[in-house]
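Go ahead and model the full structure; you've got the sequences and the hints to work with.
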Amino acid sequence: MSEKKLFVKTMAELAAEGKTPEILFWVGCAGSFDARAQKITRAFCKVLHNAGVSFGILGTEESCTGDPARRAGNEFVFQMLALQNIQTLNAYEVEKIVTACPHCFNTIKNEYPELGGNYEVLHHTQLLRKLIEEGRIKVAPGDKDTKITYHDSCYLGRVNNEYEAPRKVIDSLNMDFKELKRSRANGLCCGAGGAQMFKEDEPGDKRVNTERVEEALGEDPNIILANCPFCITMLSDGLKEKDKQEDVMVYDLTELIVKNNNW
Amino acid sequence: MCADFTEWLYISPQNDNAPPMEVGQIVFIIILALTFGFAFFKYREIINTILLAKKVDLEGPVSSRFKNLFLVAFGQKKMFKNFLPAIFHLFIYVAFLITQIKLIEIIIDGVAGSHRILAEPLGGFYTFVVSFIEILSVLAFVATLVFLYRRNLLTIPRFNKAEMTRWPKLDANIILLAELVLLVGIFSYNGADIVLQQMGVAGYPDTGALVVSSVMGPLLFGGFDQSTLIFIEKAGWWIHILAVFGFIVYLPYSKHLHIFFAFPNTWFAKLRPRGRMENMPEIMNEVKSMMGIGEAEEPAGDMEDIPEFGAKDIFDMDRINLLGAFSCTECGRCTAACPASITGKKLSPRKIVMDIRDRAEEVSAKLKSGDKKYIREDKREEDEKLTPENFDDGRSLFDYISSEELHACTTCNACVEACPILIDPMEPILKMRRYEILTLSSGPSDWMPMFTSLENNASPWQMSDERDKWKEDLD
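Going down the list, the sequences are from chains A and B. The opening position of the first sequence corresponds to residue 54 in my numbering, with each subsequent residue numbered one higher. The opening position of the second sequence corresponds to residue 6 in my numbering, with each subsequent residue numbered one higher.
Take these hints with a grain of salt, some might be off.
Straight-line C-alpha distance at most 20 Å; calculated PhoX-like pairs for lysine-lysine [as the list claims (entries may be wrong)]:
{"id": "1", "chain 1": "B", "residue 1": "K474", "chain 2": "A", "residue 2": "K92"}
{"id": "2", "chain 1": "A", "residue 1": "K252", "chain 2": "B", "residue 2": "K351"}
{"id": "3", "chain 1": "B", "residue 1": "K47", "chain 2": "B", "residue 2": "K371"}
{"id": "4", "chain 1": "B", "residue 1": "K474", "chain 2": "A", "residue 2": "K62"}
{"id": "5", "chain 1": "B", "residue 1": "K166", "chain 2": "B", "residue 2": "K351"}
{"id": "6", "chain 1": "B", "residue 1": "K260", "chain 2": "B", "residue 2": "K166"}
{"id": "7", "chain 1": "B", "residue 1": "K47", "chain 2": "B", "residue 2": "K260"}
{"id": "8", "chain 1": "B", "residue 1": "K390", "chain 2": "B", "residue 2": "K377"}
{"id": "9", "chain 1": "B", "residue 1": "K60", "chain 2": "B", "residue 2": "K317"}
{"id": "10", "chain 1": "B", "residue 1": "K86", "chain 2": "B", "residue 2": "K72"}
{"id": "11", "chain 1": "B", "residue 1": "K166", "chain 2": "A", "residue 2": "K259"}
{"id": "12", "chain 1": "A", "residue 1": "K297", "chain 2": "A", "residue 2": "K200"}
{"id": "13", "chain 1": "B", "residue 1": "K351", "chain 2": "A", "residue 2": "K259"}
{"id": "14", "chain 1": "A", "residue 1": "K221", "chain 2": "A", "residue 2": "K197"}
{"id": "15", "chain 1": "A", "residue 1": "K234", "chain 2": "B", "residue 2": "K86"}
{"id": "16", "chain 1": "A", "residue 1": "K200", "chain 2": "A", "residue 2": "K221"}
{"id": "17", "chain 1": "A", "residue 1": "K92", "chain 2": "A", "residue 2": "K62"}
{"id": "18", "chain 1": "A", "residue 1": "K197", "chain 2": "A", "residue 2": "K312"}
Since the hints were derived computationally from the structure, they do not count as laboratory data.
Right under this line is the structure:
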């Protein structure tokens, strides 16, 4: 697939061509700016492309959804960002959104309606599941001896009650999967939520991500899978702290699909 | 001596020519009246305290409220996330519920001076109900012992956090010991009764073979003389009913209030999606008018008071927050699941909930005192009476809950998920964060550059790159 360069168009560009894409890919701040999360963004674009899903992005017209501001307590900043986004989305008459960030997913899905933004919102694992089940993508079986485990993000799992979609995707990878002890509704936070990502931990015995990584290392995996760019940062940092960054990899589900398929 | 005491204690069942009212009856009626009189005022006081907080518009279908009430409160659904404590708790809970049927007879007997007035009319059904209660009571007895053991001899982390100071621990043990006393009362009352029936003593109608007491009674009390047996039977009866009355009076001061409040708490629990924080329409409308969108809202009334946003005190919480605080049993499942608490931070969701109740009780007591020193300074001259509107004791929830605790929350909802009776410990934390940021303009220093960046760059990071620069590396 790499012989042809993949172009991702903005909604503005598509609108100028008179086109309406199947879905809007909400990239999010981490997916846009964080070097690690950018890889996930690109991987997800590849999956969409290979599945033949027509999609657009907002590009420079996208703003933070406001999640960290709202949860930090700054409702003014949240409302400013959210209302601006809703104006943009409504101007393009967007109906369907997919995002690779559970925080963006949660805010657009659950908080924007009260502010006048009503869309069908999917987390990328939900879309991946759908694409796999509809046969729009075929996942090449992975290495059966690679041990993988999965970290539930709070905002996809406990908050939005989606535990199955990522696990269906994991099944399709056909690798040696083992659950963490604290999983699904009992999943332990990575420590980034509620705008913790943007501050130091409060004083305590250890960081939250350290606790989670210690638990994951207990399962002796080769790969820890996640579905959230912030979880991925936290888990990677935790592994570095344990000097395990060479032995254990942290991936988004999308990345393993791309890897297995050699896209 | 026993016989004399029994005479005093209770109407003698074999004495048909007794005066219409015996001393025991009068004492019973007085205690009954005092208990319910006290309970009426005390429970009304708690409800009025909850009403000090903001009114909530209930949203969502009533069918979901019924579902929560039946599955979560009556059905104990969420308790069964942890099987062992759940099953023992279930024994005590079901025993408590079913014993209330028997309480009807006990109260009639107490007032009328009768003895097991329902035994003869109900016949076999009476035997069945009382036997059923006896089985549950045995199970409850075992469960209570297990709970005492778990609390006092095992080191279960959630029973030993910083907020579990002397009183919360004592409170838990008082309740468990009172339960044991109550159960000992039931079995003395039934056991001695069986032996008296077997001896053919007049006034002791046939109850049929009660499943536990017909074995235990003769085993424990067989061979005792009649007056001792009557004493044991009466004493058991009194111990049981006094323990019940004691519970009613004690509960308003105790964490054990959940046996009543868990039901309304599951009913009133908010049905909105977990991921949806409560909207702040006043801010939304202001931002809308700043951006020149939406219908022109009328400027928010007279602006003589600087508006306060978020929650500083219980008055700024809503009634569901306060109902939750009074419903909390301090079981600590929330704290055991909290990532901040697990990693040794100061935050404990249970403490937040306990603090809200403590503060609510403090405010309530001060309001009740009517002391004019609690009138807000600028109103002290003009206002005659202390009211919730002019109340200011110079304290707030921030005297109970520190910023450090508030700042440690990751909003992961583990505490919300963990609570067996649908208390939301997270919402008050976020309301207090709003007060810090929006009203006090304070907060973690790390957040200030984040806010600035969000305002200027629409991203939490200060980035000079274009938002879609990642496209350049697509292959």
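Violations among the numbered hints: none
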